[in-house]
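Enquirer: For reference, the chains in residue letters:
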Amino acid sequence: MNVIGKKVRKVDGQELITGRAKFAGDYRFPGMVYGSVKRAGVPAGRITKIDADAARQLPGVVDVLTAADIPGPNLIGVLPPFDQPLLASDEIRYDGESVVLVIAESAEIARRAAEKVSVTINPYDPILTVDDALAPDARKIHETGNVTFTKKLIKGDAAAAFEGADVIVEGVYETSNQDHAYLEPETVCAVPGRRITLYASCQSPFHIRGHVAANLNLPASSVKVVQASTGGSFGGKDDVATEIGALACIAALRLNRPVMIAHERAESMIGSNLRHAARIRCKTGATKDGKIVARDVNVLLDGGAYASESPFVTMKTLIHAAGPYTIENLFVESTTVYTNKTYCGAFRGFGVPQVTFASESQIDELADKLGMDRLEIRRLNGLKAGDANATGQVYQQSVGLQETITKIAESVETSAPTTEDDRYLYGTGYACVAQGISNGAEGVDVTGASVQMSQDGSVLVGIGLTELGQGSRTVWAQLASAILGVSLDRVSVRLVDTDGVHDSGPTVASRSTTVGGMAVLKAAEEVKKSLVTMAGLMMKTDAENIELRDGFAILKMDDNARIPIPDVATAAYWTGFPLMNLAFSKAPDADYDHDTHQGDVYIAYNYGTHRMDVRVDKLTGQVKVLNHLAAHDVGKVINPLGLEGQIEGASLIGFGFAHMEKIRYRDGIIQNANFADYALPSIKDRIPTATIPVEDHNPTGPFGAKGAGEPPVAAAGAVFANAVSDAVGVRFERLPITREDIVEAIERGNHD
Amino acid sequence: MNLHFICNGQAVQIDVEPNARAIDVLRDVLGLTGTKEGCGRGECGACTVLLDGKPVNSCMVLAGKLEGRTVLTIEGVAGADGSLHPIQEAFLDVGAVQCGFCTPGMVLSTKALLDENDSPTIDEIEDALSGNLCRCTGYGKIVDGVLEASERLAQGTQEHGAKP
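Residue numbers (numbering that gives the first Met the number 0), protein chains in the order written: chain A, 0 to 751; chain B, 0 to 163.
Wrong hints could be hidden among the right ones.
[What the hints assert, rightly or not] Chain A is faced by these chain B residues, among others (derived, beta-carbon under 8 Å):
#, residue
1, Lys35
2, Cys101
3, Gly155
No wet-lab data here; the hints were simulated from the structure. Beta carbons: idealized from backbone N, C-alpha and C, even for Gly.
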């Protein structure tokens, strides 16, 4: 049976549902000790003294490490030059900064000992806003200054084109920091030996290996990183896994004992990256018939203390600030600045949720000003195959935006009651999104994958991309199953172990199905060649007359002429036809001007249109989502169950971003680093997301597929804002739009 | 202190520190690492186990409280022969599992619910699982999984002619 497009169970579901899957915290090794760090506790300053005597004297404490104990450069990051220390040696740049690592016989003792470490810090006035950071006389958080990264996108002549606009809308839109809040806090376990092995809850094991080795001052080959079952990541388990992974390895080699470091929930929120808070000034001009002629956007991202993924998030906001629309004249400037707060980096959506909120708000404002239908203005300006997008890139295929709009338009039904009712306000919102798939011009985009068949016909797939819950392993298994004609239960996907799989680049940018899938497909095709050649010899016919299906090599013209695949594989092995292949998928070299940000960027885009109907309680501000439709062009659905899971899960993250979740700071200290005070959506907050797939074949993906993991976050966030704004009759320009904000807006409206 | 209780159908007798938490006894002493710690404050439900059939956050229960009682962890939900419980089958079939870290707690909270109430309403499902957070699924498929499991259990009961 061909499993492409069929609802299938997660191939790794059995281990997870029975509790047998091993997460990093589940590893146990003889003699294992535990690490805990002492954090700065103040957002800015200079260390003047570290006194760890009290900690050392605590029974059970086996080691105390400071920056001086790190063999390598004591730096990690994403884009060189790296700027983030594993342990701070002098400057303190945020409250959660790790300063001293304590190792003890139990996690509890390590934690208590870390609390006893005394770090004397000469405090500075913390720089807590982007404005303060950019002030001309601002203290420099890093030697390079307070601008982390700044870039411009220039297409046409926006300034001139505004002259010809009949209507112009302008606004300033703000979004807040969001925590990944994966249920598993970051955890690593380092086991010393001739080579050191790091079991890690992580997203990109090869990236970690490089940093661990560098900070150990050893070659990469002396470190092996094994991805443990990972309890969610969403972009969040890169930097921090590198930080604690390197620390655990350094301590393990010093002590010659296994070392586990497991974050507590508060550490996960304070000491690992967040989604960038943003302030976006946006101005859009259109003709009186609704055609957008110009847009000017200034994006300011609060990146916190370290660069992390900020350069790439900055770039992503540039490219996505136009949304999925043809805008001939576009000027976007995007800047990330350092502040004395928790550093910001990758989080599902990667800058796109922020700019999409601004963009989609303005599309509604334009429609209202012009008296146009809100969906119609999106259709009028929406990208089609053959159109040039924000970077001037033209796709001749797989631009399914219009189809997603059509699906949403067709779905329209009146869900609001026709009778007015005093308690509630009803509203409907729309939002469109485009999100680039692949690293593209942001960096190299190579994936290596291996496929091997045993003589019993079972298949093993190896790839350096990680399963984080998103179901990628299932997709890769489906691809191998489809090409090699064996049932899905005959296919296994290896755990990621840097010794056993090829470096496939980072597991980011919704690239696992598309770029990763292509590598699996190619490798499987090579193994298939051996099998059909062998079967052809066995049936005395040409290889092209053979197909692999249902566990057999079958003669195409005679279904009864068939040989079981294990027999073919065995014969192929004895004949010397290879049953294993390592293939590469490499995105075409981007033709891209990094000064103007014009050119070809990504191998594909996912396009989406969402509709949301809400009921707002005027007294409490409570929002009930009555209806949420999410249409996305995913090229080709590989596993409908996995796709729905991605769209539903991403949508609730978008909903949390737009309505509930906000990291609250006071004087640079996070006030709500726990699940009682940080409003993570619970089952009672869930929204009734219905997935509407659109399949506009993508030539760069396996079976025409493209990624889907990130785009719904942006669309769901923006559609919530538009739906609530529609209900309340007030344009909200700041996320999250909390119940309190809604009540306040309604009261303000009543007084006006 | 000496502790006796029934864990997943087996009598357990162990020596533990008086201030040990139930989750630590399960994970570190008994090696039952299917019980997960997500917050350590009883706010996420990942460490849910059934104590005399009732769901509790095992990070908030002192080990001493287990004395003489019956504990069910995720390791005890499937049959001894490895056959999955209908709740587990249903969760996998509807796609209620993504990263799987919240899953053991979700399954146990669901079991506690369905043991008491074989045909729960959506509201009752929400109430029963409101203490179990999940960041991956958006919860829709978890609700589907509970409904599917309740149907399968009802069918199973009919087939076997009597309530278990």
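Enquirer: Look at each hint and say if it fits the structure.
Expert: Evaluated hints:
A cut of 8 Å between beta carbons decides the hint on Lys35/B: the least distance to chain A is about 7 Å, and the hint holds. A least Cβ separation of about 5 Å between Cys101/B and chain A falls short of the 8 Å threshold, and the interface hint therefore holds. The restraint placing Gly155/B at the interface with chain A is violated, with a minimum CB-CB distance near 18 Å, outside the 8 Å limit.
Hint compliance for this structure: hint 3 alone is broken.
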